[in-house]
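Peer 1: Make the full structure from the sequences, and use the hints.
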Amino acid sequence: MDGSRFVKILVCMKQVPQKDAPLKLNEAGTWIREDVSYEVNEPDAFALEEALRQKEKHTGEVVVITAGPARALQVLREALAKGADRAIHLEDDAFVGLDAYNTARAIASAIKDDKFDLIFTGLQSDDYGYAQTGVILAEILGLPHATIIMQIEKTAGGIRVKRELEAGFFQFVDMSLPAVLTIQSGINKLRYATLIGIKQAKNKPLRKVTLAEVQSALGGNMGANLQKIEKLYVPQKSKNTEFLEGPPAEVAKKLVEKLKNELRVI
Amino acid sequence: MDTILVIVEQREGKLNRVSWETIAAGQAIAAQTGWTLEAAVAGSGVAAIASEVASKKLTTVYNVESPRLEPYTPDAFAYALQEFLGKHPARLVLMPHTYQVRDFVPKLATALQTTAISDAIGYRYEGGKLVFTRQMFQGKFVADVSFAGSGPCFVTFQNGSFRADKVEAGATPAPVETVHVDVPDSVVRNRPQEVFKEAKQAVDLTQAEIIVSVGRGIKEQKNIELAKQLADALGGELAASRPICDNGWLPMDRQIGSSGQTVAPKLYLALGISGAIQHIVGMKGSRSIVAINKDSEAPIFEIADLAVVGNLFDIVPPLIEEVKKAKA
Numbered sequence: 001m002d003g004s005r006f007v008k009i010l011v012c013m014k015q016v017p018q019k020d021a022p023l024k025l026n027e028a029g030t031w032i033r034e035d036v037s038y039e040v041n042e043p044d045a046f047a048l049e050e051a052l053r054q055k056e057k058h059t060g061e062v063v064v065i066t067a068g069p070a071r072a073l074q075v076l077r078e079a080l081a082k083g084a085d086r087a088i089h090l091e092d093d094a095f096v097g098l099d100a101y102n103t104a105r106a107i108a109s110a111i112k113d114d115k116f117d118l119i120f121t122g123l124q125s126d127d128y129g130y131a132q133t134g135v136i137l138a139e140i141l142g143l144p145h146a147t148i149i150m151q152i153e154k155t156a157g158g159i160r161v162k163r164e165l166e167a168g169f170f171q172f173v174d175m176s177l178p179a180v181l182t183i184q185s186g187i188n189k190l191r192y193a194t195l196i197g198i199k200q201a202k203n204k205p206l207r208k209v210t211l212a213e214v215q216s217a218l219g220g221n222m223g224a225n226l227q228k229i230e231k232l233y234v235p236q237k238s239k240n241t242e243f244l245e246g247p248p249a250e251v252a253k254k255l256v257e258k259l260k261n262e263l264r265v266i
Numbered sequence: 001m002d003t004i005l006v007i008v009e010q011r012e013g014k015l016n017r018v019s020w021e022t023i024a025a026g027q028a029i030a031a032q033t034g035w036t037l038e039a040a041v042a043g044s045g046v047a048a049i050a051s052e053v054a055s056k057k058l059t060t061v062y063n064v065e066s067p068r069l070e071p072y073t074p075d076a077f078a079y080a081l082q083e084f085l086g087k088h089p090a091r092l093v094l095m096p097h098t099y100q101v102r103d104f105v106p107k108l109a110t111a112l113q114t115t116a117i118s119d120a121i122g123y124r125y126e127g128g129k130l131v132f133t134r135q136m137f138q139g140k141f142v143a144d145v146s147f148a149g150s151g152p153c154f155v156t157f158q159n160g161s162f163r164a165d166k167v168e169a170g171a172t173p174a175p176v177e178t179v180h181v182d183v184p185d186s187v188v189r190n191r192p193q194e195v196f197k198e199a200k201q202a203v204d205l206t207q208a209e210i211i212v213s214v215g216r217g218i219k220e221q222k223n224i225e226l227a228k229q230l231a232d233a234l235g236g237e238l239a240a241s242r243p244i245c246d247n248g249w250l251p252m253d254r255q256i257g258s259s260g261q262t263v264a265p266k267l268y269l270a271l272g273i274s275g276a277i278q279h280i281v282g283m284k285g286s287r288s289i290v291a292i293n294k295d296s297e298a299p300i301f302e303i304a305d306l307a308v309v310g311n312l313f314d315i316v317p318p319l320i321e322e323v324k325k326a327k328a
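Which chain is which? The protein sequence lines are E and G, in order. All the letters of the first sequence, read from the start, carry residue numbers 1 to 266 under our numbering. All the letters of the second sequence, read from the start, carry residue numbers 1 to 328 under our numbering.
Errors might be hidden in some of the hints.
Stated by the list, open to error - Pairs of lysine to aspartate or glutamate, DMTMM-like flavour, derived with a Cα cap of 25 Å: (1) E:Lys258 - G:Glu209; (2) G:Lys228 - E:Glu257; (3) E:Lys254 - G:Glu209; (4) E:Lys208 - E:Glu61; (5) E:Lys253 - G:Asp314; (6) E:Lys162 - G:Glu198; (7) G:Lys325 - E:Glu39; (8) G:Lys266 - E:Glu245; (9) E:Lys260 - G:Glu321; (10) G:Lys294 - E:Glu39; (11) G:Lys294 - E:Asp20.
Unchecked claim - Example chain E residues on the side facing chain G (calculated, C-beta under 7 Å, incomplete): (12) Asp126; (13) Met175; (14) Gly186; (15) Leu190; (16) Ile229.
Please keep in mind that the hints were generated in silico from the structure rather than gathered at the bench. Note that the Cβ used here is the ideal one computed from N, Cα and C, for glycine as well.
Peer 2: Rendered as structure tokens:
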């Protein structure tokens, strides 16, 4: 990835329910009702931004991929409008229900004819929150990986990445390419799509991959999740929360009274 | 007999204390299932950690040794533990959900053609079946998750899910068995440098008795001032959830959560914080939690003692006045 070299980056992205969308459970209590607003998974947006910045520095190609229903196309459209060069959509409702292992296998099967220098994923998704798909993808592809990345610099032999550790600690790691990185939110500042970008996006290549194609690429043995969500439910409250109600001035008064007399912090 | 293996975490030769929580989880599951409970530590020259762990009620403690396990790399850890599990099979493998574990467990599980239930917060054993609970949709829901495969099944537990002080000591120290693993040089591809701390950490929020913390609900940088005024009135420190620091609205050293500081003040007042898991793990130990949020279903309310559903911009100004009056 030195200045003279073309760098080819794949960004794995996911569409998730919007942060403040009110979510309801389906009747079976196995998943949410899908009639909500969606947006791009936040760390994935940072992963895309980082890929675009690397491409701008070193020239190259940014390819975006997602696995999800027809609605997930929106994530790819936005990515193309921001500057990604082409997109791959593994399109089927069934992709929503895959565990991290099968999602990674599906992605791996769809890119088997591509040779990427770098593969980025967000560090975790806001829906499942597994924080696993990127690392599993690396293992399936036989590539080295590093997680929770806050900085990527080219070196003579590959890249030097900055890993975030817990409690304010960091670590630089030298890696050879190709490699898989999971990207932390806040690694950069996100850009907005320009009008011209939105216009150009319509003419950029978009490859659709069906579930049947994925299954045939995997020899027909995809689908059985290694872990199963038996039931989804609203968490049981462990605390006896007291809700203060009324007009703001009254609520403020009540709250201060409790801070003073019950919690004794004033 | 089925075996539960707890893999404790060491970093640079020191036991990560969160490992005691994982041992507590293992002891609880072992008591209910009747399965054998073992522990392992992987590293280079970590026999002292194995002995420390062996004081607890465990059948055996394994000291998995290789010079290539220091410094930590995901390649060496996954390789060594795969070798170890080949010789000492376990049905269930438990670990704390730390950044280090997150870095190698998905690789290890995949190499063994199995899976990890990550960031679990509890378990149930019903009718001979183990079900693990984990948060989804940023804590808005909880899922019961079971293993569909044959194992070994990996589970990582979120910080604070079990109590470290519930760990039972053994009547006699458990036997420690050293297992040398040969990790070939070619296995380790990454070259990690020294671990370092970046922020000068000007503020030690762990010492604050009162913390006023802001989240996305604060909307704009200029509104931070409002929260600052409330913190000043209360004589507390100002803190924030990750997105606020990512935006540069407050310095990184004021961040609470898994990637920031972990605090337990007398009062934690959360303004416009929804309560994503990564934030909650950094403050759920607070003596009292007050949450103001416009979304009545925000997960922060699950752990709040006092809650106000409403617009923080309506409530905070009179709140500042009332606090000043009460203190006058």
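Peer 1: Hint by hint, note whether the structure agrees.
Peer 2: Do the hints match the structure? See the list:
1. For the hint linking Lys258 of chain E to Glu209 of chain G, the alpha-carbon distance of about 17 Å falls within 25 Å, and the restraint holds.
2. For the hint linking Lys228 of chain G to Glu257 of chain E, the alpha-carbon distance of about 21 Å falls within 25 Å, and the restraint holds.
3. Simply put, Lys254 of chain E and Glu209 of chain G have alpha-carbon atoms about 21 Å apart, close enough for the 25 Å limit, and the pair holds.
4. This hinted pair checks out: Lys208 of chain E and Glu61 of chain E have alpha carbons roughly 19 Å apart, not beyond 25 Å.
5. Only pairs whose Cα atoms come within 25 Å are accepted, and Lys253 of chain E paired with Asp314 of chain G is accepted, the gap being roughly 13 Å.
6. The suggested pairing of Lys162 of chain E with Glu198 of chain G holds, with an alpha-carbon distance near 11 Å, which does not exceed 25 Å.
7. This hinted pair does not check out: Lys325 of chain G and Glu39 of chain E have alpha carbons roughly 44 Å apart, beyond 25 Å.
8. For the given pair, Lys266 of chain G sits about 23 Å from Glu245 of chain E by alpha-carbon distance, which is consistent with the 25 Å threshold.
9. Straight-line distance between C-alpha atoms of Lys260 of chain E and Glu321 of chain G comes to about 14 Å, which keeps the hinted pair within the 25 Å bound.
10. Under the criterion of a C-alpha separation no larger than 25 Å, the hint pairing Lys294 of chain G with Glu39 of chain E is consistent with the structure, at around 20 Å.
11. The hinted pair formed by Lys294 of chain G and Asp20 of chain E meets the criterion: a straight-line CA distance of about 10 Å does not exceed 25 Å.
12. A least Cβ separation of about 6 Å between Asp126 of chain E and chain G falls short of the 7 Å threshold, and the interface hint therefore holds.
13. Given hint, Met175 of chain E at the interface with chain G, holds; its Cβ is 5 Å from that chain's nearest Cβ, closer than 7 Å.
14. Among the interface hints, the one on Gly186 of chain E holds; its C-beta lies about 3 Å from the nearest C-beta in chain G, closer than the 7 Å criterion.
15. Using the Cβ-Cβ criterion of 7 Å, the hint placing Leu190 of chain E at the interface with chain G is not satisfied: the shortest such distance is roughly 10 Å.
16. A least Cβ separation of about 5 Å between Ile229 of chain E and chain G falls short of the 7 Å threshold, and the interface hint therefore holds.
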